[in-house]
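Asker: Turn these sequences into a full structure, and let the hints guide you.
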Amino acid sequence: MKREIRKRIQEDLLAQLERSGHYGEYYLDLISHYMELVDIKEKLQADIRKNGLRMDALNGNGVLTTKSNESVERLVKVSGQMLKILSELGLKTPREVIEKEDL
Numbered sequence: 079m080k081r082e083i084r085k086r087i088q089e090d091l092l093a094q095l096e097r098s099g100h101y102g103e104y105y106l107d108l109i110s111h112y113m114e115l116v117d118i119k120e121k122l123q124a125d126i127r128k129n130g131l132r133m134d135a136l137n138g139n140g141v142l143t144t145k146s147n148e149s150v151e152r153l154v155k156v157s158g159q160m161l162k163i164l165s166e167l168g169l170k171t172p173r174e175v176i177e178k179e180d181l
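For the sequence shown, the working numbering gives the first residue as 79, with consecutive numbering after it.
Since the hints were derived computationally from the structure, they do not count as laboratory data.
Even for Gly, the Cβ is constructed at its ideal location relative to N, Cα and C.
Where hints are given, some of them may not hold.
Said to hold, decoys possible - Derived PhoX-like pairs: lysine-lysine, alpha-carbon spacing no greater than 25 Å straight-line:
id	residue 1	residue 2
1	155	145
2	121	80
3	119	80
4	121	155
5	145	121
6	155	80
7	170	80
8	119	155
9	155	170
10	145	85
11	85	162
12	145	80
13	128	80
14	119	145
15	170	85
16	170	128
17	155	85
18	162	121
19	145	128
20	85	121
21	128	155
22	170	119
As the list claims (entries may be wrong) - Okay, the calculated beta carbon distance ranges per label pair:
id	residue 1	residue 2	range
23	98	124	31 to 37 Å
24	139	82	45 to 51 Å
25	83	126	40 to 46 Å
26	82	142	39 to 45 Å
27	143	110	36 to 42 Å
28	97	152	28 to 34 Å
29	157	97	21 to 27 Å
30	139	115	32 to 38 Å
31	104	157	19 to 25 Å
32	128	154	29 to 35 Å
33	85	170	15 to 21 Å
34	85	143	41 to 47 Å
35	100	126	30 to 36 Å
Answerer: Structural data, given as structure tokens:
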């Protein structure tokens, strides 16, 4: 993810937080945690793009097998946690930033 897009997401969330009247370190820490999850999500998506949904791996006997890419399951968990943070803060996904990123 480009730094400028990441920065716009963070700025949008902080602006929503301010508009909703939430102030304090607790809320800022949650935004910071959300942004760390954004970074993790990007890395997981990059791994899935690179390796696919399934990958070849050696099992304990040295036999080549196909297994699910663990990044898929982790991505689902990270995305769920991101949504929980937004819900806790009473915020919404910064749609304008996401739509611009898709262009």
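Asker: Against each hint, give a clear statement of whether it holds in the structure.
Answerer: For each hint, the structure was consulted:
no., hint, in the structure
1, 155 with 145, "holds (19 Å)"
2, 121 with 80, "holds (13 Å)"
3, 119 with 80, "holds (13 Å)"
4, 121 with 155, "holds (14 Å)"
5, 145 with 121, "holds (19 Å)"
6, 155 with 80, "holds (23 Å)"
7, 170 with 80, "holds (21 Å)"
8, 119 with 155, "holds (10 Å)"
9, 155 with 170, "holds (18 Å)"
10, 145 with 85, "violated (36 Å)"
11, 85 with 162, "holds (21 Å)"
12, 145 with 80, "violated (31 Å)"
13, 128 with 80, "holds (18 Å)"
14, 119 with 145, "holds (21 Å)"
15, 170 with 85, "holds (16 Å)"
16, 170 with 128, "violated (30 Å)"
17, 155 with 85, "holds (23 Å)"
18, 162 with 121, "holds (20 Å)"
19, 145 with 128, "holds (15 Å)"
20, 85 with 121, "holds (17 Å)"
21, 128 with 155, "holds (20 Å)"
22, 170 with 119, "holds (18 Å)"
23, 98 with 124: 31 to 37 Å, "holds (32 Å)"
24, 139 with 82: 45 to 51 Å, "holds (49 Å)"
25, 83 with 126: 40 to 46 Å, "violated (19 Å)"
26, 82 with 142: 39 to 45 Å, "holds (42 Å)"
27, 143 with 110: 36 to 42 Å, "holds (40 Å)"
28, 97 with 152: 28 to 34 Å, "holds (32 Å)"
29, 157 with 97: 21 to 27 Å, "holds (25 Å)"
30, 139 with 115: 32 to 38 Å, "holds (37 Å)"
31, 104 with 157: 19 to 25 Å, "holds (23 Å)"
32, 128 with 154: 29 to 35 Å, "violated (18 Å)"
33, 85 with 170: 15 to 21 Å, "holds (18 Å)"
34, 85 with 143: 41 to 47 Å, "holds (42 Å)"
35, 100 with 126: 30 to 36 Å, "holds (34 Å)"
When the structure is compared with the earlier hints, violations turn up for hints 10, 12, 16, 25, 32 and for no others.
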